[in-house]
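The listed protein sequences correspond, in order, to chains A, B, C and D. Take 1 as the starting number for the first sequence in full-length UniProt numbering and just add one per residue. Take 1 as the starting number for the second sequence in full-length UniProt numbering and just add one per residue. Take 1 as the starting number for the third sequence in full-length UniProt numbering and just add one per residue. Take 1 as the starting number for the fourth sequence in full-length UniProt numbering and just add one per residue.
What the hints contain is simulated information worked out from the structure, not anything from laboratory work. The reader is advised that the hints may include incorrect statements.
Derived DEER-like restraints, expressed as beta-carbon distance ranges [said to hold, decoys possible]:
#1 A:307 x C:105: 20 to 30 Å
#2 C:138 x B:107: 54 to 64 Å
#3 A:236 x C:23: 41 to 51 Å
#4 A:172 x D:335: 48 to 58 Å
Note that the Cβ used here is the ideal one computed from N, Cα and C, for glycine as well.
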Amino acid sequence: MASSTAPRRGSPTRWLLGRLAVGLLVLFLVSVLLFLVTQALPGDIARIILGKDATAAQVADLRGRLGLDRPLVAQYWHWLTGVLGGDLGTSLDNGRPVADILAPRVLNSFTLGLMSMALILPLSVLIGVFTAYQRDSLPDRAFVAVSSLFTALPAFVVGMLLIAFFATSVFRVLPGVSNIPPGDLPWWHPAELVLPVTTLTLMGVMYLGRLVRASFIDAMDSEYAQMAVLKGLSGRRVLFRHALPNAVAASLPAASLVAAVTITGVVVVEYVYSYPGLGTELVSAVNAHDLPVMQACVLVLATAYYVFNLLADVFTTLGRSR
Amino acid sequence: MEVEVSGVTVRADATGHDIVRDIGFELARGSVLGVVGESGSGKSTLALALLGFARKGATITGGRVVVDDVDLLALPEKELRRARGSRVAYVPQDPATALNPSLSLATQLTEGLRLPRREALARVRSLLEAVGLPGDDAFLRRRPRQLSGGQQQRVAIAMAVAPGPRLIVLDEPTTGLDVSTQARVLEVVRELCRSRDLAAIYVSHDLAVVAEVADRVLVVYGGEVVEHGSLARAAHPYTRALLAAVPSSTHRHRLVPIPGRAPGIGADRSGCVFAPRCAHAAEECSSRPPLVEVPSGTLARCWRTAEVARSPRPAVVVDAAPPFSGDEILTVSGLNAGYGGRQTLFEVSFGLARGECLALVGESGSGKTTMSRCLVGLHEEQEGKIVFDGQVLAPRRDKDLRRELQYVFQNPYGSLSPQRTVESSLLVPLRHYFGLKGTEARRRAHEALDRVEIPTHLANRYPAELSGGQRQRVAIARALVCRPKLLICDEITSALDVSVQAAVVELLRSLLAEGLSMIFVTHDLAVVRSIADTVTVLNQGRVVEKGTADAVLSSPTHPYTRSLVAATLDVPDTFEHAG
Amino acid sequence: MSTSVLGRAARTGRARLGVGLLGVVALVVVLGPVFAPHPYDAIVGPPLADPSGAFPLGTDILGRDVLSRLLDGGVNLTWMAVLAAGIGVVLGSLVGLTAAYRGGAVDAVLMRAMDVLLSFPEIIFVLLFVSMLGRSTVLTSALVGVAFVPGVSRVLRGAAIPVVGSDYVLWARVNGLPAGRILLREVLPGVTSPLMVEAGTRLVWAVSAIASLSYLGFGIAPPAADWGLMVGENQDGLSVAPLPVLAPIALILMMALGGNLVAESVARTVGRTEGRV
Amino acid sequence: MTRTHHRPGHLTRALTATALAATTLAGCSAPDRTTAAGSEDATLRIAAATDPGETLNPYASNQSPTQQLRSALLYEGLTRLDPTGKVEWALATEMTPNADLTRWTIKLRPDVKFTDGTAFTSADVVASVKYLRDPQHAAQGLAFIEKIDPNAVEAVDPLTVRIGLSAPFGPFKDIWANVLLPMTKAGTAPEKPVGTGPFAVKAFTPGRQSTVTRFDAYWGTRPMVGTVEITEFQNQQAQANALLSDQVDIASGANPTIARSLAGKDGIQLLDSKGDFTLRIGLNTDVAPFDDVRVRQALRLLVDRDQVVANAFGGYARVANDHEGGTPQCPAPGVPQRKQDIEQAKKLLAEAGQPNLSFAITTDGLLPGMRELAQVFAENAAKAGVKVEVNVVPVPELLSKWGKWPAFIDFNPIPYLPTVIGSMLPDRVGNATHWDNPEFVRLADELFLAPAAGQCSIMNRMHEIEYRDGATVVPAFVNVLMPYRSRVRGLVTDVNGRPLSFLSNVSVGS
């Protein structure tokens, strides 16, 4: 999966710096694209803020105050210089600093994403190795079947069914919505985190577990595993010392991609569980055409995505140079 | 006797056919047995079976492998595991994939020694030094990918020897190595066997290597032993045919290919397996001959050794052509080229007369691949002058130039599109260069296939259905339909079995005879001797020696060429006297 | 080659199960409208009625017959998913193959452009463009397709690089064949297997994505019958009347799972045969 | 965030906890948020719809129901509506006009304190009115007080205010009951407005949550709950889920389906406020063919009102008759109930030259029932061969072309008088149908001058004009539904659909 040019020459550091520079360029392009797209959105932010009762003069006045009547380039330049100076601007919708709005939400989303990753990685390895080792056994077949089912299942359906099952209809043991009150840290509310984390984890494990399983099977079938057997090593040593590290290494790029997908996948999960994270904020910002908030959300998500993607490339490159 | 093997049979689970069948031999400590066979002969399966191991999808169904009075095949799983490594050790064909990429050398070398770490390390250090590698900590901390191919192979050998086995099985350990590296590895193997009183089984497809390293040779064909003994005294028609197909670096002789294809698994085994391709086959060959001692002194599985012995080897020595005096079709002068800023060719100059065959010789890293890419215009970072047929080759070449300068690739598996039939592959250039379609294009394609001796019925086959040699001949045919003036052949025989290589070399020789000019890129001096008129030797991107093939190979002047010639192995010559 | 891979894949058990599932769904999609007892948009009873003789699966939130809507609601999802997967695979292959073939700067630029695209969460991407251009089924399919492009192009670029580097493509380049013809006639046939696997997988994802978008209200406009839309419309009544939600989910799952099984068995067969000629 | 340092080792604890089985987790929630149920300090937890653009400023433009819900707890106007729709005195105790109804003298309630402890005086009223009246502020309630002359607002003494109007206006008391026209302490709006309400703001995070606590020096009935916590949710399903898993006590928004599926579940009851809340289909009279009254009447004849009530609103509605309500104090206007009559509709359409009418109804689906109404209407219309498409657009898009949509779905939650002023007279922004009936305008002017006793007959005549000529299809009056946990006692239904404005007698039991 992972792409792009391996470090053919020059030091790895230079390559990494190059990739980071490209990353900044990508982020810049993302922001330009987003800016242009929002300009084309129907509906004027000033009108959205003022509502249908406001007169045209009031709308024009607000546009002036928000700086929306300046040329596009000037507006963008204003925003960009602000961001480069560490100022993400203020929300058009409610006038609060974007950083204040996003900081707790970034924390919430990242907690959700990182907790899920903390579960996805070991579980995937565990399940992948186990099913690969017990290849074609009943548990293996069951896992393969269930994971097929899950790749076909939209996230909203998983969320909806989990809520119905664990919170509202069948068992009532978990909260049906995962609201983290403002000012609280997400991990003060472990019960609220269970269902969203479970949803992300299920989706992740079903995908990554399959990949680990496949790469573990590859590792077990490899020449070096055969060589280890021919050296008279014990089955356990062949499995854990020879096959496992390589299987895990082979899955690392995919794991990074899963991490990237998990970070961006929180959008849907947050919506389903009303979790106050970046995703829900982004959806409302899009609905309200709140460009500064939208920009900041997408930049955070895109950065996270790019970092994990870069990790995938780094792992792939390490793998290739082996 | 140290090692006694008998009746070893391995079966493919899916089809129930035997991959190797009823193999037996004996081996004394300190001696080396060579196992020779072409691809698909079952020699690797045999090598693994000697450790009581069969690959997925295969089962050892019978036989004994007795080492030090213990029959490995009769041991329960746990004890067999202990016996592996400590009694029988294995050296893999490709250490690049067989060494675990994520473990340090120290770990891989010491694991399974059943010794305290300090002692284990001490033993490993001394062994590494014995195989000519440093035994220091820095080296032991390395991962396999940080070693060269030759180093990896010596580590693999040290790894095999470390637990102190009685028998060591080496599966094609020098395939893919340069001749000079190969020479060092062979030296290590010989030295270890001698000094540690080890029995060794050396599996290879290369007769010259086996003849060099082994005391006796087991020739495997179609999963069976067809001959057992000294190559110099070969009596079996297959062994003799193989020897006839091997080129020699010392003199030019006609190479005799073996017609037909090697039998697959599941071929009819009621009679002699070689009979379908044997020039001496007779009615009696429809029943299976036993492996018996024959007059030459070897054990051979053939009814007709007497007749075979009477037909002498057709060692037709071909004289080198007189030096060419005609105009040069290609002149390379002052060529510098590189990749990504790193220069790989330095001031390379040479010329090629019309109708001549020039061999571009070099080991890996010599720059010969860059050189051929420059010639066909694939390489972009280059400066210097290449004049072809009176025209300076510009980076953007016109259609006719491209047509007249054709290129045949090294790998027979990649040079033809797997999605095109043989005929379709040939129609592409016909359409591109001549705008030909339909009947006329097909006629020209078939003409070319005829020329390379590909039967018409193969025209609609896909490459996957052809043998390596057939594919290489189709690739040549594809070049021929372009009506080239110069053919560049990049290691085109290196991936082929000798019997097949012979056919390709003979084909090229006949094309030369028809006036085609040719550049033959290779590392194999024997092939050079059998085909080239002049030789240009490349080392580290520089031309170190050029001259006629005879002059360069027989009396090399540059030290590098000399070492190359010295490291090149040849099959024994003593053959003629045996009959 | 590819046909034989398909043939071998078709003989595996999982592929048969997949084809069976797809067959059932196809029957519903094609013949369903003929057998629907009521018009899909007719209000024929009280809302969220329990199943009965007149309404075998009950009625939906507006009092329409769930069975009739179910039988009528697959057509849109099907063509939209096919269109989306088609756009994704065609554009993705184009980008991926071009990047692999050209290499260097072209490759870098194309792949970074894909990174830009990938950086938008898919749902936001669709949300933005639907807000911008208005809701339409074709637009939604196209957006889902475009959202697939980066993924497809990466996979195909990866698959095409060895093919582009292979000697037979090299031969074509050396002989100066036009780039378009090389890509189309030499490189593309070399990546048909991953292409087929991609097409299958993307089709499954498209089903899932388009159902999700319809559920969120960005796909097919009411009152049309559509499985994703039905889930969204009726989910508020899940605890009173589960069938109007679960029945379309079951069909979406059958469709996606069937496609998934077929794609997987092709992938497996390819994995087992490719590269070990 | 600021409390991090008090809680070392939380990450590990949370991780372990997450990994544990669900049973251990059920009881585990934010430790300092326990509700002292039944006691003086009980907390009432209300689920509301998300509004990221909300502020505490009660004069802001475009206020969402969530903001209005909170404003009702924090601020008060001069008058207010009681749950039956009657106007009663709040911060004012008397309003006296001059003879020609162009100048009003307002007596203020004595001993009223702002939540910051300062006294409420006439200066605050003057400041509030002037702020509201300044077009620069784009206050949403501006339309209702446009007749006020900003230069003629003056404090006579600390408890008396005099307001001069640019035109005579009678129902002055009614106007001030609007939630959009509260009084705040002079100089505090819009940044940190201070009100006189029964509650004061404790914490406020726009788009997420606000907490208000009881103001103990409140002049009126002291509320029984100590704290009200309003939590915002993305959608009504989430509100319902929160209610079901006991994370909130009241879901302030529920569509009929949710209400139906929650009602009867253990411990959940439904607060069903019947009133004159209308969802209506507006027809733009500037656009053909809706400029033809025959077409409008035909479309009104196509609606199966019983089906709309039963299927679009799940029975939580009552049939309406193509005119606004909001006049609970008046007898019904003497017009026959309009029923579905396909033949008549076809005839009218044919007369209007529109036998194959086809158009789209645009809705943003903001309120429950909007989409469903459009769909039921589309299905009904199909019976007469009228093809109606349902066009669901995002909110910004609906707003951006406000007044330009040919047919759209709109809602009206307020009493008739402000409705007339805000959205039925020509040239009002709220009048997106651009309906302009001279007789209706004349009657409205008459209404503004009429004494209270004469208002009903005028309003009924206005209803009749709506019924005959109006530009909206009003098929039903819709109930406002709020499911709540039965431990909440003392909730009252409200004809104006704002039952959460009346929390004084509400308590939270155990």
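*Taking each numbered hint in turn, which are not upheld by the structure, reported in ascending numerical order?*
none
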